[in-house]
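Colleague: Taken in sequence, the protein lines are chains G and F. All letters in the first sequence, in the order written, are residues 1 to 497 by the working numbering. All letters in the second sequence, in the order written, are residues 1 to 98 by the working numbering.
Hint data in this document are derived by calculation from the structure and do not stem from the laboratory. Worth double-checking, as some hints may not be accurate.
Covered stretches of chain F (in silico footprint by chain G; criterion: 3 or more residues with CB under 8 Å from a CB of chain G, positions within the stretch not fixed) [unchecked claim]:
| hint | stretch |
| --- | --- |
| 1 | 6 to 13 |
| 2 | 17 to 26 |
| 3 | 33 to 47 |
| 4 | 51 to 62 |
| 5 | 65 to 78 |
| 6 | 82 to 93 |
Computed from a predicted model, the values in this text were never measured in an experiment. Glycine is no exception: its CB is placed at the ideal position from the N, C-alpha and C atoms.
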Amino acid sequence: MTDLIRYTAAETATAIASGTVSAVEVAQAHLDRIDAVDKKVNAFLHVDTEGALAAARAVDAKRAKGEELGPLAGVPLALKDVFTTEGIPTTCGSKILEGWIPPYDATLTARLKDAGVVILGKTNMDEFAMGSSTENSAFGPTGNPWDLSRIPGGSGGGSAAALAAYEAPLAIGTDTGGSIRQPGAVTGTVGVKPTYGSVSRYGLVAFSSSLDQGGPCARTVLDAALLHEAIAGHDPLDSTSIDAPVPAVVAAAKMRDIRGMRIGIVKEFAGEGYQAGVMQRFHESVELLRELGAEVVEVSCPSFTLALPAYYLIAPSEASSNLARFDAMRYGLRVGDDGTRSAEDVTALTREAGFGDEVKRRIILGTYALSSGYYDAYYGSAQKVRTLISRDFDAAFAGVDVLISPTTPTTAFPIGERADDPMAMYLADLCTIPSNLAGNAAMSLPCGLAPEDNLPVGLQIIAPAMADDRLYRVGGAVEAALNDKWGHPLLEEAPAL
Amino acid sequence: MPGITREEVAHLARLSRLELQAEELDHFAEQLDVIIGAVARVSEVAGQDVPPTSHPLPLTNVMRADEVRPSLTPEQALSGAPASEEQRFRVPQILGED
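Chain F with its partners taken away, still in its complex shape (with noise of 0.2 Å):
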């Protein structure tokens, strides 16, 4: 199982939205290089015929009762935001200006 390289570890941060610093880049890429070959011991099952587990529980589609219910106001929806206007999240520009 190959280890973890740099620029890897940078290319997972920008997928990741973690604008790292070069100094982090170095640490991280050591560590994690560290944890991935101890962690890397799960492949040894890789070729065995078992069935995945994802989560504890057997539970599909669990539905409730469609009814209207009391739910948060837009003031108090809003009331975390970082900013807001006309009860709407502002948010920076995410398309660009042409």
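Next comes chain G alone, as it looks inside the complex (with noise of 0.2 Å):
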């Protein structure tokens, strides 16, 4: 049964549908895993056992019956708190919604639910999706399954770490300046940003709506390229999405040849502030590559340095808007209503006692930088510089194919250690802004850990908008050679929980 669980969804799928193991047996293996090992994690927020029984009883139901099953039928999920699930709390990691059960399914979770996925439980993060290391979460930080003191990275942590400790093969994440990447860069998982507008935001609960985007996490290459086909495509209930065809992620995926392709290596992603032995893992990717049979050259975007002050003028003033719908009126929590106050005291009173410490300093942010008199030199300034980054982008991909370099420029920092300084916190999302600010596809995958802590590296590959397919040819190729080189997975060297 524990074999159970180190499958990836690819092989759990074909063992379900050939009828060597039954989905309610796959299901069971993993909640037992979460009862084990998730009170040391702390991966999940809610676990629908109940729930996930009687999805894979109906997947179950279903084969019995000679029905064709989809591609994830029976796969189990771990589901970010911030897409809204029916009948099931959906908190953001937030104490102003904690209790809040939505009335209502995402697309996306209809989606999953469709394609006959199981979906496990909810997943922890940082509070509205706004943080790097799951410590903004309300209830208590995640811990990154290779070391528990450290982090699983943000805001997506919980779904990182789902997957890292064996408790989910496939899980959510949504990326609106890293939060899938960065986590699975330093959980040693993959994580991709498809292009912005290609997975419906209906029921996600919007942070920076310009960038928000819902995204596959995964052991895999495959596997992620399985989920992103599951979910992505266009929904007419979410006004800002592609009505396109979805790329062929999964064919990508499998064709593990990148002879010929033109891959650059973005210049501006190195220097101070980068760990020396992410810089050694990455700078082998790159020879890799070329021994695979890309031609690699350097290209220079130079209004890369100023991606992350756009990044933290644009999110959080959008943030500011979106947020506002947390009045304490409609749902979620209530402070000091006792007939006495206003409206507006109550409100007021309600964000205090409801949001943690990142949401509030981003909201004032949000504020200030839409408020008269600096609008101009702050978001106006912003957007013109999100204009700056497109146009390097599409001079760059004017030359080559994709663009490559480290997810992060570090590894998993201690819990604690940049808890209190956000700038410091910020910079663990440099190399993960300018695709969000620009729209386009991106993705993490492990490529090594780094000599000098044991901790994993992610190498991050981004493509044009829709053009997610190259994402998946690289990386299925670079995930292959690097399994040939180390003769497992790199995954399989985390310490056991």
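Put the two chains together into one complex; each comes in its own frame, and the hints tell you how they fit.
Modeller: Listed below in structure tokens is the structure:
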């Protein structure tokens, strides 16, 4: 039974479809694993035992009737607690939504259910997806399965940790500035931010609407591709959803041939602040890409140096507006309603009690950036930087098929180290932010352990919008070559929990 | 580019409907001053003749057919409300007594 939790999603689906194992056995094995290790990891905020077993039974019943099963039928998944789930609590890691039970499913949730995916529960996250360490959750931090005293990244630390701890073979994250890719990098797992607009945001609790994008998290590139195809596609309920065919990412993940591809190294993502072991593994990846037949060149994207400042104006500005909906009137927490206070006072007291420090900081920062007198200098300039970044990407992609960089400047840092130093925390997103500002596609996959601390390093691959298949083509080839070199997937080197 | 003062933070908190405590004001003012100092670099491009980008997709006026479709029942819509009455959200007093 222990083996079931080590299967990839593709292997699990095949085993269930062929009848080697039942979906209920698979779900139970993962629920048992969660029971055994999650007190230590704290990846889950809510485990839906009954719902998971019921979904698994439905898949088994379908198979018994001889009906055709989808490519992920019966595969368990950990869902970031920022997507609404009908009848199941959705907190966004915030006290202000503690106990809220949504009356509807997000489009993404509905698609997972339609695909026969077994949703095990909801995962821990930085409050409203604001953070890079999952320490900003109102419900306590998540530990990195490689070293429980270190952060699992954020904001989707719970989803990444659930994968690395073998609590689920698949997970869902959201990436506003790196919240899928950075947790993937520091936990030795795979995370993809699809092209903006390719995965529906309907039922995704909004943080920064022009940047937020849901996406797949997995232990292998192929598994991420299978999940990508299950969740992507046009949704009329999301007015920013792209009405175009989803790139063939599963086929690309299986290609394992990158001969003749042109790959650009982003020159700006190196230097001060980058850990030596991270750069060492990155340079080895570059050599590997050359050995695999790709042509690797250096490219310059000068405006990327302004991406972090622009992001920390744009994202808080949009957040200050989006989070105005938490007004204590229609859902969530209400504090101080004793009959003597006005609605306005009750709102202010509730938000004071219900939001954590990082959310408050960003609301104030966003309100500042949007206020008259500062708007042009801050928000206006940040929007211009956004244009310049898109132009840099366009110029780079005129000469290369994909860009590469380290996903994060450092490996996982100790819990608490940056908790009270917001600027130090923000630096974790240095390499991931440009793709959010431009709306293109990017992946992080493991490329080794940093020699100085034996912690995972992520390789980031960036592709133009709607060319997500290129991520999987390069990622699949790199993963296969590295597994050959190591003799096993990197995650097998993680210490037992 | 000027930094941010404790008074400005208090004003912004009021605008944002956040009843901050005195210690929070001290702490946030200090941290926000550092953050604003770092992000102010974007104003390097303020004078440049570059169009702003507010969104990665150039979409405008996305419409759907105006058809009646099933939606939440009043009970479902009110299910998360802190207080409700007669199929309505019950809220604290909004206008003054007189």
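Colleague: Now, for every hint given, state plainly whether the structure supports it.
Modeller: Going through the hints against the structure:
Coverage of the stretch 6 to 13 of chain F by chain G holds. Counting CB-CB distances below 8 Å, 4 residues qualify, and the rule asks for three or more. With 6 residues having a beta carbon nearer than 8 Å to a beta carbon of chain G, the stretch 17 to 26 of chain F meets the requirement of three or more and the stated coverage holds. Counting residues of the stretch 33 to 47 of chain F whose CB falls under 8 Å from any CB of chain G gives 12; the rule of at least 3 is met. Counting residues of the stretch 51 to 62 of chain F whose beta carbon lies closer than 8 Å to any beta carbon of chain G gives 9, which meets the minimum of three for the stated coverage.
Check result for the stretch 65 to 78 of chain F against chain G: holds, 3 residues qualifying (beta carbon to beta carbon below 8 Å, three or more required). Look at the stretch 82 to 93 of chain F against chain G: 6 of its residues bring a Cβ nearer than 8 Å to a Cβ of that chain, three or more, so the hint holds.
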